[in-house]
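There are 2 protein chains.
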Amino acid sequence: MSHEVAFRHIGVIHSPHTDPARTPVQPVFSHGVRGTVELFSAYAEGLRDLEGFSHIYLFYWFHRSAETKLLVQPYLDNSLRGVFATRATPRPNKLGMSVVRLLSVKGAVLEIDEVDILDQTPLLDIKPYVARFDTRTHVRSGWQDQVSDEQAQQRGKNNYPGCT
Amino acid sequence: MSHEVAFRHIGVIHSPHTDPARTPVQPVFSHGVRGTVELFSAYAEGLRDLEGFSHIYLFYWFHRSAETKLLVQPYLDNSLRGVFATRATPRPNKLGMSVVRLLSVKGAVLEIDEVDILDQTPLLDIKPYVARFDTRTHVRSGWQDQVSDEQAQQRGKNNYPGCT
Numbered sequence: 000m001s002h003e004v005a006f007r008h009i010g011v012i013h014s015p016h017t018d019p020a021r022t023p024v025q026p027v028f029s030h031g032v033r034g035t036v037e038l039f040s041a042y043a044e045g046l047r048d049l050e051g052f053s054h055i056y057l058f059y060w061f062h063r064s065a066e067t068k069l070l071v072q073p074y075l076d077n078s079l080r081g082v083f084a085t086r087a088t089p090r091p092n093k094l095g096m097s098v099v100r101l102l103s104v105k106g107a108v109l110e111i112d113e114v115d116i117l118d119q120t121p122l123l124d125i126k127p128y129v130a131r132f133d134t135r136t137h138v139r140s141g142w143q144d145q146v147s148d149e150q151a152q153q154r155g156k157n158n159y160p161g162c163t
Numbered sequence: 000m001s002h003e004v005a006f007r008h009i010g011v012i013h014s015p016h017t018d019p020a021r022t023p024v025q026p027v028f029s030h031g032v033r034g035t036v037e038l039f040s041a042y043a044e045g046l047r048d049l050e051g052f053s054h055i056y057l058f059y060w061f062h063r064s065a066e067t068k069l070l071v072q073p074y075l076d077n078s079l080r081g082v083f084a085t086r087a088t089p090r091p092n093k094l095g096m097s098v099v100r101l102l103s104v105k106g107a108v109l110e111i112d113e114v115d116i117l118d119q120t121p122l123l124d125i126k127p128y129v130a131r132f133d134t135r136t137h138v139r140s141g142w143q144d145q146v147s148d149e150q151a152q153q154r155g156k157n158n159y160p161g162c163t
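Residue numbers (numbering that gives the first Met the number 0), protein chains in the order written: chain H, 0 to 163; chain A, 0 to 163.
Hint data in this document are derived by calculation from the structure and do not stem from the laboratory.
Please note: incorrect hints may appear among the correct ones.
No copy labels: a pair is met if it fits in one copy or bridges any two.
Said to hold, decoys possible - Here are the simulated DMTMM-like cross-link-like pairs (lysine to aspartate or glutamate), alpha carbons at most 20 Å apart as the crow flies: (1) K93 - D18; (2) K93 - E3; (3) K93 - E44; (4) K105 - E44; (5) K105 - E50; (6) K93 - E50; (7) K68 - E50; (8) K93 - D118; (9) K105 - E37; (10) K68 - E44; (11) K93 - E66; (12) K93 - D144.
Modelling step: build the complete structure from the supplied sequences, incorporating the hints.
See the structure below:
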């Protein structure tokens, strides 16, 4: 068995973010930032029923992230953390995930809000956000619990690439 | 630019599930089902600080799913739905995602609970579940809102592969 898997691009994400250093670190810091997902037309049929969902997961390739580091300094913190304990981009596989708000579906184009994704990012998958499956309560969030909401909000606004 | 991206396997997920037809459809239907994630040792340093998180996302390859269908009949429903409006496995890119409960980190091995993943599944990425980023309220969940909790719970227990 091969030790790699090849995923094809199934579309492109368009957003106002063209500079990694000025892109919000998470969708929750991106209220009112709109973009579009242009699914390649061959896949359009797979969008049926998606419009009923208020939020969707987008999975994509961090196409502007070249390096891999196992320890990173997250933007919301001053310590070196294991990359798997962060959302930072320099991970072994450059797989990005965002939960965005779905505004409309027109043909093969999705209009979305709360966009923390760079323009021209290759899309790999879309899944619906399902409250029943995806909400967890009584969550411990490790070092993130030591970052206050105000601090996160403030730093998130300063726009630094995916290093939360 | 290539229209594919290659992701390498960074570890293997071990679970009691060896038959797709008898595997729970979601982690929320898998309470008490334990498994392990064996990260390849080259990546072990990236696990630092992960143990502080009660829940983590696992991203993996649906390695037993061969076919692609744009319309699928989800297990929790009787209608044909667009594959992107479901979590079904026959998607264009066989990317799986589960939020599991993290019990312990010992070296490069994670002990996990609420496992809905087949044994020997290749691991692609780990990200922390962060309450601040990942919880959404006022969510509409499309056709899933028409499935009652009891129905979902009951059908989930009947163990059918990832077709929720």
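Hint-by-hint comparison with the structure:
1. Proximity of K93 and D18 under a CA criterion of 20 Å is satisfied intra-copy only: 18 Å inside one chain copy versus 30 Å between copies.
2. Taking CA atoms no more than 20 Å apart as the test, K93 paired with E3 passes in both settings, with 13 Å inside one copy and 13 Å between copies.
3. Taking the shortest alpha-carbon separations for K93 and E44, only the inter-copy value of 17 Å comes in at or below 20 Å, while the best intra-copy value is 27 Å.
4. In this assembly of identical chains, K105 and E44 lie within 20 Å of each other by CA distance solely inside one copy; the values are 12 Å within and 45 Å between copies.
5. With identical chains, the CA atoms of K105 and E50 are at most 20 Å apart within one copy only, with a shortest distance of 9 Å there and 43 Å across copies.
6. In this assembly of identical chains, K93 and E50 lie within 20 Å of each other by CA distance neither inside one copy nor across copies; the values are 28 Å within and 22 Å between.
7. In this homomeric assembly, K68 and E50 come within 20 Å of each other (Cα to Cα) only across copies, at 19 Å, whereas the closest approach inside a single copy is 38 Å.
8. For the homomeric pair K93 and D118, the shortest alpha-carbon distance inside one copy (16 Å) is at most 20 Å, but the shortest distance between copies (24 Å) is not.
9. For the homomeric pair K105 and E37, the shortest alpha-carbon distance inside one copy (10 Å) is at most 20 Å, but the shortest distance between copies (42 Å) is not.
10. When the C-alpha separation of K68 and E44 is checked against a cutoff of 20 Å, the pair qualifies only between copies, where the shortest distance is 10 Å, while the shortest distance within a copy is 39 Å.
11. In this assembly of identical chains, the alpha carbons of K93 and E66 lie at most 20 Å apart only when taken from the same copy (9 Å versus 25 Å across copies).
12. For the identical chains of this complex, K93 and D144 are neighbours neither inside a copy (25 Å) nor across copies (33 Å), given an alpha-carbon limit of 20 Å.
Against the hints set out earlier in the document, violations occur for numbers 6 and 12.
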